[in-house]
Amino acid sequence: MIAQLHRALRDAVRAAVKTRYQVELEAVVLEKPPQAKLADLACPLPFELARRLKHSPREIARELAAALPRVEGVERADVGGGGYINFHFDRAAVFQAAVRESRAPVTGPRADAAKIIVEHTNINPNKAAHVGHLRNAALGDSFVRLLRFTRQRVEVQNYIDNTGVQVADVVVGFEHLEKKSVVEVEKLAAGSSPPLDHYCWDLYARVTEFYEEDPQRLDLRAQALMAIEDGSGETARLAELVSTAIVRRHLETMARLGVYYDLLPRESEILRLKFWDAAFEQLKQRGAIELATTGKNKGCWVMRTATAEKASAAVPADELDDAKIIVRSNGTVTYVGKDIAYQLWKFGLLGRDFAYRRFHTYPDGRVVWMSSAERSEPGAPPFGHALTVYNVIDARQSYLQDIVAAGVEALGHREQAARSVHFAYEMVGLSPRCARELGIELSAEEEKRPFIEVSGRKGQGVKADDLLDALEQSARREVESRHPDLDPATSDLLAHKIAVAALRFFMLRVTRNTTIAFDFKDALSFDGETGPYLQYSVVRARNIFRKLRESEPSFQVDGLPAQVSPAAAKKLFTGESGDEFWALASQAAELDWMAEIVVSQQEPALVAKWTFGLAQQFNLFYHRHHIVSEADPERRAFLLLLTDLVQRQLARALDLLGIEVPERM
RNA sequence: GCGCCUGUAGCUCAGAGGAUAGAGCGCUGGUCUCCGGAACCAGAGGCCGUGGGUUCAAAUCCCACCAGGCGCGCCA
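Just so you know, we're using our numbering here: the first sequence kicks off at 8 and counts up by one.
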């Protein structure tokens, strides 16, 4: 609702400035005043114009306020402070429009919406997911939900590096440390205690020690890697078995928190279908990569990086100091090379495609597809061919992401390079206290650090499933203490929803470039600025209606808007309590505007903050006003309608964060 | 050495160049016979890392410095 109002106001200001001063403006800044009582929205433009026009800001503000064309939903404009144009909304009109909007069904993508691919999660399929992966998935999934809310067409991809070193390492573990046959590992994968990904978490750490004891053993890794890339033989079968079983586990873990995917492209198909050969040809033809014939990179195909280019394009490839190696001297391609091919495919620029097979069906019937080297199963959607690609990958890989985009650009795809967005976020470490609790030994220096970076190779860190289990257990205790008579299945379900809320909000409440020092104490909190607080606010609002239905069985929420006339709304939005109601209503009306900002800034934390603010505002309102017992029927209908508006907007915002509202708390 | 990120209340974090810098936690004190307290209110607590600059206006933009983190591999 508010988003349109902003657009209309910007146009109006632009028009007024043009007619009054013959000045063309591109951007018009609108901002919320520090205090709601000053205005609903303010424009500081007069300060900027004062100099050019040699008038005082106040004078300009006054003239512009007077020259402003009528805007639907805006009651009046006046001058504020030293020269702001202050806008005051038509409260009743905005309220009723917001009510209508909050009751309209959520619609699908716009008919003309171009496809956006969001790649996230991307966990190596060789061990269990950990808290860092949870941050990635929570960010990626919320961003997807936000894009869909703003009616974009989105495809979610989760890239599976099933032929890499990490998978090779656990294969070495099974073959050489544990001497297990394919059949034995199959049996292990079929069991659930422990699940295979948890089993491999420890095995991977043991393999790291195994190498450290005798570095010669690294040859085993190289051999395994070659066998896996080749794709035939026992070792390759084992790798396929282990990685696929672990991918299934990752899907289970992510489904626990409501994260789903459309497609799982795998590195093995990128190899088998010769994606790289196609990309290699293009890169060679365009001169985007060069063969170094002497020097330290002799025999490698390299790409000039930004700094190398700056030095001079005339420097021969052999002498480049910081060129990025794309093809090794032994002819194998690096990860970045494969990633360039994959990125080209996402835009439909590679000239090749995967085949697809159904991999998994979620309980709601949605299907996750996986890349395949065989013939496609019927019914596969047209994957790829995106206009824009977001890669949700932690900030440590920004150098490599830059190279991928540079590779796309070097092939002449300037637009697509610009639309290759690295959706970067800082890592999740452990607080020193948390690390100690997990039995990780710290040096005196590490003790003083804000966070500890953990090593998956050493089996350190907090597993995603374990954290979820701890959250569920803690939430169940809370639920049971409040509702001792609930049956176990119901309290389990409630505890699960609360746990997910706590976890997702914990990951989303901070901005992307904040490093998280994970700590159980913070993550397990359900009070204050947390997911459960938000859920509780909605549950409270809904309890009002439940209570009402008990005492008045004929009560219908659908009939509420008709019971509040524009005149009544206008009256109730005046005076001191009217200001209070308006503060709540106007914030609730902001959801669409908020979503637009979040998408343009690519920062889901803003929705989390906004939602928390609205919940706070509602709790204050709830505390001050008794609704069910309100004697005046007109006022009561109004309060109920306001509560319903807030409840709906909060629930929608929570859905954007991936948080469900429990029946009770 | 080069590149990216960070420095705001005791702690964890918000702060699209604009009006008196905010929230949660913690601390102190209060609210409620209720639509459930996972709540609400109040208080204490800030040279916004330091120093320059740009601007009518800087926590926000620019430069330098200090402190911390992360990258910079024929690993991914």
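It is worth saying that the hints were derived from the structure and are not from the lab. A few of these clues could be false.
[Unchecked claim] Calculated pairs, DSSO-like style, for lysine-lysine (alpha carbon to alpha carbon, straight line, at most 30 Å): (1) K455 - K470; (2) K554 - K528; (3) K578 - K554; (4) K465 - K554.
A quick look at each hint next to the structure:
no. : hint        : result
1   : K455 - K470 : 24 Å, holds
2   : K554 - K528 : 35 Å, violated
3   : K578 - K554 : 27 Å, holds
4   : K465 - K554 : 54 Å, violated
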